[in-house]
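If you want the building blocks of each chain, they are given just below.
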Amino acid sequence: MGQTIAEKIFAAHLRDTPALGSMVLDIDVVMCHEITTPIAIMDLMEKGMDRVFNPSKIKAVIDHVTPAKDSKTAMQAKIMRDWARRHDIKDFFDVGRNGVCHALFPEKGFIRPGNTVIMGDSHTCTHGAFGAFAAGVGTTDLEVGILKGVCAFRKPETMKIEITGTLPKGVYAKDVILNIIKQLTVNGATDKVMEFCGPVVEAMNMSSRMTLCNMAVEAGATSGICLPDRTTAEYLWPFIQGDYASLEAATEAFRKWHSDTDAVYAGTLTIDVSTLKPQVTHGYKPDQVKDINEMAGTKIDQVYIGSCTNGRIEDIRAAASILKGRAIANSVRGILTPATPAIYSQALDEGLIKVFMDAGFCVLNPTCGACLGMSSGVLAEGEACASTTNRNFNGRMGKGGMVHLMSPLSAAAAAVTGEITDPAQFLN
Amino acid sequence: MKQFGGSAFFIDRSDINTDEIIPAKYLTEITKRALQPHLLEDLILDGKEFDSKAPDFQAAEVLVTRSNFGCGSSREHAVWALEVNGINVVIGESFARIFRQNMFNCGILAIELAKADIDQLFKLTKNGGAVKIAVDLQQDTVTAEGGQGGSVECAFTMNAFDKELVAAGGWLAYADQKY
Chain A
1 MGQTIAEKIF AAHLRDTPAL GSMVLDIDVV MCHEITTPIA IMDLMEKGMD
51 RVFNPSKIKA VIDHVTPAKD SKTAMQAKIM RDWARRHDIK DFFDVGRNGV
101 CHALFPEKGF IRPGNTVIMG DSHTCTHGAF GAFAAGVGTT DLEVGILKGV
151 CAFRKPETMK IEITGTLPKG VYAKDVILNI IKQLTVNGAT DKVMEFCGPV
201 VEAMNMSSRM TLCNMAVEAG ATSGICLPDR TTAEYLWPFI QGDYASLEAA
251 TEAFRKWHSD TDAVYAGTLT IDVSTLKPQV THGYKPDQVK DINEMAGTKI
301 DQVYIGSCTN GRIEDIRAAA SILKGRAIAN SVRGILTPAT PAIYSQALDE
351 GLIKVFMDAG FCVLNPTCGA CLGMSSGVLA EGEACASTTN RNFNGRMGKG
401 GMVHLMSPLS AAAAAVTGEI TDPAQFLN
Chain B
1 MKQFGGSAFF IDRSDINTDE IIPAKYLTEI TKRALQPHLL EDLILDGKEF
51 DSKAPDFQAA EVLVTRSNFG CGSSREHAVW ALEVNGINVV IGESFARIFR
101 QNMFNCGILA IELAKADIDQ LFKLTKNGGA VKIAVDLQQD TVTAEGGQGG
151 SVECAFTMNA FDKELVAAGG WLAYADQKY
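So the protein sequences, as listed, match chains A and B. 1 is the number of the first residue of the first sequence in the numbering used here; add one for each residue after it. 1 is the number of the first residue of the second sequence in the numbering used here; add one for each residue after it.
Do not take every clue at face value.
[Said to hold, decoys possible] No more than 30 angstroms apart at the CA atoms, straight line, and that leaves these computed lysine-lysine pairs for DSS-like:
#, chain 1, residue 1, chain 2, residue 2
1, B, Lys115, B, Lys132
2, B, Lys178, B, Lys48
3, B, Lys178, A, Lys57
4, B, Lys163, B, Lys48
5, A, Lys90, A, Lys108
6, B, Lys25, A, Lys155
7, A, Lys72, B, Lys163
8, B, Lys132, A, Lys72
9, B, Lys132, A, Lys399
10, A, Lys8, B, Lys48
11, B, Lys32, A, Lys57
12, A, Lys69, B, Lys115
13, A, Lys47, B, Lys2
14, A, Lys299, B, Lys32
15, B, Lys132, A, Lys47
16, A, Lys78, B, Lys32
17, A, Lys47, B, Lys163
18, B, Lys48, B, Lys2
19, A, Lys78, A, Lys399
20, A, Lys160, B, Lys115
21, A, Lys155, A, Lys90
22, B, Lys25, A, Lys182
23, B, Lys163, A, Lys290
24, B, Lys48, A, Lys182
25, A, Lys155, B, Lys132
26, B, Lys25, A, Lys72
27, B, Lys25, B, Lys53
28, B, Lys48, A, Lys78
29, A, Lys182, B, Lys2
30, B, Lys25, A, Lys47
31, B, Lys25, A, Lys399
Simulated from the structure, these hints should not be mistaken for laboratory data.
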């Protein structure tokens, strides 16, 4: 019987089968940030277990609130910083070099096809875009990952998400994944891996694939995953050129992780995107999704472009295509947070930051910030935000605030008009 | 093995996410105890703010809810916020994966029951009155008594590995000994 990519990765990393249906895996990359890691560090210190299984397999960043906003966040950062020094964790990214973890770590080439990846962050599923099994975990799982390099999972069932047709102009990966979550609902993929495949995914760049995989957890999935191909190899080439004779050789080698044609799936969802409209959320759950024209005219107080979902250079370019030569509405506060320093720098080189600033946007340093209402753009009660982030939960961006999730293009359109707007009217 | 059960509190809603269980603004705390006053403080039920300071909620040791409890963020703070409030059992139709694992990783219980069984438990509370729930990990049953409805016993299935984690007192203790 054939295997899915997730089953192949599990088989290649199996350390133990502690009970029927449960598998303990060796973990290739343990990623850490300052919100969920300090308590793990302090617990290990208290128990006299302040060790790391392999400092080169641990990647750490301060990203959620940075630079520190108060004494408490300063202490979280300090605990991380001291720990990274104490254990000689070389891949530690602090102020000036830090960015949103799920944008920064891929950019550094840390995630490779076939890897197992954990982090104390639910959007770790983003890294599945590289053909890795990447799962968000809690602090105890992270603690054991740091100490032992293992993590336990149930045997993975895979749901095949086949994306066909051609994306219409102005419709992006974000619209596709919002529509998929609408169809599956917020727990439609619980305990499953969502394998994104089909011609639309094959044609997507890594940035779009990361957007797809990023929101798999919003349907309850353990991870999203894409099959690694030439696009993956091209993205990783600066980091893997010593390992393979050519791009073709790398692409060929990645094929070993492809799901077999006779692999067994726990369900298939096929979505033809040819007639898909830009999507937007209403309400407090990410499966509450409508075509954007159904929500047109909804007043917006803030526009937020950034996050691990849509803070990459391609997202900034898409938004800038609307903002160029236009001013945002007087009633709107526009916030751009490029997800990493490299993205910020690239946007500067391309003149995009000036486009945003000329339009009236505030441009922030890379951080998770307002996405989860921790800093840098928290909403007041009764306010609404057009946001490129991934969660619209009640209170997520500030108590009593409403978050409408959408693509960067749609967010830029909302910034210009001050209300939810179909971006089609701004496209040539 | 540790005994689980006690006074039950019922929350009749699905998809309660971890941002609602403990809002992100409290994630800057570096002790579990500091989370204690903030459990479910932003929860909205039927359009109304949940009273997280109500005496019957403060006395709760078991939480009974509907489906997909604990969805969203991976924050184990959600589990700790329950723990430091004396709640060591959550019973629902289903849980989000990370939350469920975090519960067992801390050596406490996320018990899944069939929808019909959850309905039965909710029926006990229909006319008010306190409900107590006892968990039997040998027989894999929960027994609820009180309210106006007498007694209800429901069987559950618990993943064998999760049960071992509870016996070991959590994943760190288990993993430290075994790997």
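Hint check results:
1. With a C-alpha separation of about 19 angstroms, the suggested pairing of Lys115 of chain B with Lys132 of chain B holds against the 30 angstroms cut-off.
2. A distance of roughly 48 angstroms separates the Cα atoms of Lys178 of chain B and Lys48 of chain B; the hinted pair therefore is violated under the 30 angstroms criterion.
3. Restraint check for Lys178 of chain B and Lys57 of chain A: satisfied, since their Cα atoms lie roughly 21 angstroms apart, inside the 30 angstroms limit.
4. The hinted pair formed by Lys163 of chain B and Lys48 of chain B fails the criterion: a straight-line CA distance of about 37 angstroms is larger than 30 angstroms.
5. As the CA atoms of Lys90 of chain A and Lys108 of chain A are separated by approximately 13 angstroms, the hinted pair is consistent with the 30 angstroms bound.
6. The straight-line distance between the Cα atoms of Lys25 of chain B and Lys155 of chain A is roughly 35 angstroms, outside the 30 angstroms bound, and the hint therefore fails.
7. Among the hinted pairs, Lys72 of chain A with Lys163 of chain B is inconsistent with the structure: their alpha-carbon atoms are about 36 angstroms apart, more than 30 angstroms.
8. Among the hinted pairs, Lys132 of chain B with Lys72 of chain A is inconsistent with the structure: their alpha-carbon atoms are about 39 angstroms apart, more than 30 angstroms.
9. Of the supplied pair hints, the one linking Lys132 of chain B and Lys399 of chain A is violated, its CA atoms being roughly 33 angstroms apart against a limit of 30 angstroms.
10. A C-alpha spacing of about 48 angstroms is found between Lys8 of chain A and Lys48 of chain B, which places the hinted pair above 30 angstroms, so the restraint is violated.
11. For the suggested pair Lys32 of chain B and Lys57 of chain A, the alpha carbons sit about 28 angstroms apart, so the restraint of at most 30 angstroms is met.
12. The hinted pair formed by Lys69 of chain A and Lys115 of chain B fails the criterion: a straight-line CA distance of about 45 angstroms is larger than 30 angstroms.
13. Note on Lys47 of chain A and Lys2 of chain B: the hinted pairing holds, with a Cα-Cα distance of about 21 angstroms set against a maximum of 30 angstroms.
14. With a C-alpha separation of about 39 angstroms, the suggested pairing of Lys299 of chain A with Lys32 of chain B is violated against the 30 angstroms cut-off.
15. As the CA atoms of Lys132 of chain B and Lys47 of chain A are separated by approximately 35 angstroms, the hinted pair breaks the 30 angstroms bound.
16. Only pairs whose Cα atoms come within 30 angstroms are accepted, and Lys78 of chain A paired with Lys32 of chain B is accepted, the gap being roughly 19 angstroms.
17. Among the hinted pairs, Lys47 of chain A with Lys163 of chain B is consistent with the structure: their alpha-carbon atoms are about 23 angstroms apart, no more than 30 angstroms.
18. With a C-alpha separation of about 36 angstroms, the suggested pairing of Lys48 of chain B with Lys2 of chain B is violated against the 30 angstroms cut-off.
19. Our distance criterion of 30 angstroms between C-alpha atoms is met by Lys78 of chain A and Lys399 of chain A, whose separation comes to about 28 angstroms.
20. Of the pairs offered as hints, the one joining Lys160 of chain A and Lys115 of chain B holds, with about 27 angstroms between alpha carbons and a cut-off of 30 angstroms not exceeded.
21. Under the criterion of a C-alpha separation no larger than 30 angstroms, the hint pairing Lys155 of chain A with Lys90 of chain A is inconsistent with the structure, at around 33 angstroms.
22. A threshold of 30 angstroms between alpha carbons decides the hint, and for Lys25 of chain B with Lys182 of chain A the separation of about 28 angstroms falls inside it, so the pair holds.
23. Taking the CA atoms of Lys163 of chain B and Lys290 of chain A, the gap is about 42 angstroms. The hint is violated against a cut of 30 angstroms.
24. Among the hinted pairs, Lys48 of chain B with Lys182 of chain A is consistent with the structure: their alpha-carbon atoms are about 26 angstroms apart, no more than 30 angstroms.
25. Restraint check for Lys155 of chain A and Lys132 of chain B: not satisfied, since their Cα atoms lie roughly 35 angstroms apart, outside the 30 angstroms limit.
26. Among the hinted pairs, Lys25 of chain B with Lys72 of chain A is consistent with the structure: their alpha-carbon atoms are about 11 angstroms apart, no more than 30 angstroms.
27. The suggested pairing of Lys25 of chain B with Lys53 of chain B holds, with an alpha-carbon distance near 19 angstroms, which does not exceed 30 angstroms.
28. In summary, the hint linking Lys48 of chain B to Lys78 of chain A is not supported, as the alpha carbons are separated by about 40 angstroms, beyond the 30 angstroms threshold.
29. Distance hint between Lys182 of chain A and Lys2 of chain B is unfulfilled; the C-alpha atoms sit about 41 angstroms from each other, more than 30 angstroms.
30. For the hint linking Lys25 of chain B to Lys47 of chain A, the alpha-carbon distance of about 28 angstroms falls within 30 angstroms, and the restraint holds.
31. With a CA separation close to 10 angstroms, the supplied pair Lys25 of chain B and Lys399 of chain A stays within the 30 angstroms bound.
Hint compliance for this structure: hints 2, 4, 6, 7, 8, 9, 10, 12, 14, 15, 18, 21, 23, 25, 28 and 29 are not met, and every other hint is.
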